[in-house]
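Enquirer: Using the sequences and the hints, build the whole thing.
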Amino acid sequence: MPTTFPAKALAGGIFLALAVAAPWLLTPYDLNLLGRFLALSLTAMGLVLLWGEGGILSLGQGVFFGIGGYAIAMHLKLADLGPDELPDFMVWTGVEKLPWWWELLHSPILAIIAVLVVAPLVAGLIGWAMFRRRIGGVYFALITQALALAFATLLISQQDMTGGFNGLTDYHTLFGFNLNLPSTAVGLYFATLILAVCSLFGLRWLIASRFGKLLRASRDGSNRMRFLGYDPAPYKIIAFTVGALLASVSGALFTLHAGVISPALVGVVPSIEMVIWAAIGGRHSVAGALAGALFVNFAKDKISTAFPELWLYFLGLMFIVAVTVLPKGIAGLFGADHPFRALRKGDMFARWRKDKALQRYSATETAPPQMEAGA
Amino acid sequence: MDAIFLTGQLFNGFSVASLYVLAALGLALSFGLMRVINMAHGEILMLGGYLAYMAMSLFPGPLGLFVAMIFAFLGAGIFGGFLEISLVSKLTARPLDTLLATWGVSLIMQQAARDLFGATGVSVTAPAWLDGGLTLAGLQLPTLRLFILVSAIGVLLGMAAILRYTRIGLLVRAVNQDRPTAAAMGVNVRLVDCFVFALGAAVAGLGGVVLALLGPVTPSVGQSYIVTAFLVVILGGLGSIVGTTIAALIIGLITALSQIFVDVSFAQVLTLLFVIVFLQFRPQGVIAVKSRALDAE
Numbered sequence: 001m002p003t004t005f006p007a008k009a010l011a012g013g014i015f016l017a018l019a020v021a022a023p024w025l026l027t028p029y030d031l032n033l034l035g036r037f038l039a040l041s042l043t044a045m046g047l048v049l050l051w052g053e054g055g056i057l058s059l060g061q062g063v064f065f066g067i068g069g070y071a072i073a074m075h076l077k078l079a080d081l082g083p084d085e086l087p088d089f090m091v092w093t094g095v096e097k098l099p100w101w102w103e104l105l106h107s108p109i110l111a112i113i114a115v116l117v118v119a120p121l122v123a124g125l126i127g128w129a130m131f132r133r134r135i136g137g138v139y140f141a142l143i144t145q146a147l148a149l150a151f152a153t154l155l156i157s158q159q160d161m162t163g164g165f166n167g168l169t170d171y172h173t174l175f176g177f178n179l180n181l182p183s184t185a186v187g188l189y190f191a192t193l194i195l196a197v198c199s200l201f202g203l204r205w206l207i208a209s210r211f212g213k214l215l216r217a218s219r220d221g222s223n224r225m226r227f228l229g230y231d232p233a234p235y236k237i238i239a240f241t242v243g244a245l246l247a248s249v250s251g252a253l254f255t256l257h258a259g260v261i262s263p264a265l266v267g268v269v270p271s272i273e274m275v276i277w278a279a280i281g282g283r284h285s286v287a288g289a290l291a292g293a294l295f296v297n298f299a300k301d302k303i304s305t306a307f308p309e310l311w312l313y314f315l316g317l318m319f320i321v322a323v324t325v326l327p328k329g330i331a332g333l334f335g336a337d338h339p340f341r342a343l344r345k346g347d348m349f350a351r352w353r354k355d356k357a358l359q360r361y362s363a364t365e366t367a368p369p370q371m372e373a374g375a
Numbered sequence: 001m002d003a004i005f006l007t008g009q010l011f012n013g014f015s016v017a018s019l020y021v022l023a024a025l026g027l028a029l030s031f032g033l034m035r036v037i038n039m040a041h042g043e044i045l046m047l048g049g050y051l052a053y054m055a056m057s058l059f060p061g062p063l064g065l066f067v068a069m070i071f072a073f074l075g076a077g078i079f080g081g082f083l084e085i086s087l088v089s090k091l092t093a094r095p096l097d098t099l100l101a102t103w104g105v106s107l108i109m110q111q112a113a114r115d116l117f118g119a120t121g122v123s124v125t126a127p128a129w130l131d132g133g134l135t136l137a138g139l140q141l142p143t144l145r146l147f148i149l150v151s152a153i154g155v156l157l158g159m160a161a162i163l164r165y166t167r168i169g170l171l172v173r174a175v176n177q178d179r180p181t182a183a184a185m186g187v188n189v190r191l192v193d194c195f196v197f198a199l200g201a202a203v204a205g206l207g208g209v210v211l212a213l214l215g216p217v218t219p220s221v222g223q224s225y226i227v228t229a230f231l232v233v234i235l236g237g238l239g240s241i242v243g244t245t246i247a248a249l250i251i252g253l254i255t256a257l258s259q260i261f262v263d264v265s266f267a268q269v270l271t272l273l274f275v276i277v278f279l280q281f282r283p284q285g286v287i288a289v290k291s292r293a294l295d296a297e
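Heads up: the sequence lines are chains A and B, in that order.
Residue 46 in our numbering sits at position 46 of the first sequence, and the numbers go up by one each step.
Residue 176 in our numbering sits at position 176 of the second sequence, and the numbers go up by one each step.
In short, the hints are calculated from the structure, not lab data.
Just so we're clear, the structure is a prediction, and the values are computed from it rather than from any experiment.
Hints should not be assumed to be uniformly reliable.
Said to hold, decoys possible - Below are the SDA-like pairs computed for lysine to any residue, each with C-alpha atoms no more than 25 Å apart in a straight line: (1) A:K328 with B:I108; (2) A:K300 with B:D131; (3) A:K300 with B:L74; (4) B:K90 with A:P327; (5) B:K90 with B:D115.
Expert: In structure tokens:
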């Protein structure tokens, strides 16, 4: 639809400009909320790739969110301490010596590597075990849900290592910056915004790429895909891994904004709430998922402070409405998203490089070149 | 570790398994039939618990428990039928969406229970004839747990009899084996779906009565059992009573026996790991009614 594209790009530009101007428009409290929810939107955007495009519903994204969050929180805990001190909860529970996996996170570089590597590694292993044996659909959803339950229970029970039910909180320094200063808050907000925008475009590129096409193929017809000589498993594993990476980064950013990570943020219930962000926003639209994460979380913030008892009814209704009335989410209201039309496949910049794409396609295929005329 | 302790843990395993059977049987049957998982199943357990509480407050006395069981069975069954007609049947083509929609239902039911009965939950007093226990060769077997075990076995036998000897059971088996062919032969598959869903909910209602006997009924009581019940369904295979029973026994015993060595949370992790490893060897579960692997996924 050539007429809708400029409108959408214009709207996107306005939103981006507003987001950049936000530190000067919003109160510090609201800015902190916006930063938090932008951080959460990374998880939702990952779910677009995994669930919308891959057809894999993971009810365990909280696990990866938690791995990222705990990794950075452990580093922050240690950063506040002197050389031979232990984190406060370890002192209370009588731990004498720092465990080695805590020791490692003293280094900021290792902490960042942990955020970027551990969750994708875990996801890759689980994905490999599951998809290799063609376990998908409802089975996968329920197993990942059990994973979220086991993870949260484990965190609560290992109180001397993880801070238990209260999680990790009360830290002040990140890479030498004081987290309580307003300037750090603004810097953190911009870091989050940049990562969110990068994820948005990165995922759009990935979805429009050949990989995205094969991922959709594995969703819509794994058997046909196999008959054509492709193994669907690697595509699903990679989608799951990328989703986990985004969730992990999302968790780390959220922890920085919120100043706390706890089992209550990573268990079964929060994990399935992550899915509703993508569902409300639009499971096939990356930008929709971003909007959905912001919308649902702002709604949660406003409704649960004003009418705490009504929030669960509202959330429950959102789940029902999102799948019955609005299966394409908010994004579906604004017309179908067409990132994959002929001649644009595999190249999100093709619309700016029409001629090259046209040449390439007309050289390899007999597609009528006049299709490009409307674009 | 002495033999008595070990037998005690084994008995615990069986009694936990009987709870899982009651919770998972309905799930497994409707999953086999419609490929749909009802996330609100745990809240149907909760509903059964609250219905039992109300019934036993209305009919105190030694036989109140049986009134409660009938009450919970019927109430949960009617609710299940309503849920199937109003929501689940509309979404059967999209199993993952059903998962989310029924999760929404479960959130609403939890909050409704909180508003109606309070967040702290209600307790049911087990009738006096369930107190005490049986002493077998130095081993104390609480009557309450024996009663639960017997109820679970009774439900299993009843279900098996319905499926094996009644006409509706025949139709259920037909639809379970091949839905399009059954529909082509004139079976009203929609009605069969609804019947199985309602029956599964009714059994979960009975499970709720059992929960009420074991501890207080809280708005979140269903959540604590349901994730394990899902694992039982996955492990058991599609829509097989025998598979579900075996899976419930396996998971019950693993949970109980691993608690000898590790704490509850590690037992949970071990159970999950076991299920994942088991699926590496038998992705179709313990017993698969269908074996057409290409249809799966």
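Enquirer: Of the hints given before, which are not true for this structure?
Expert: Hints 2, 3, 5 contradicted; others consistent.
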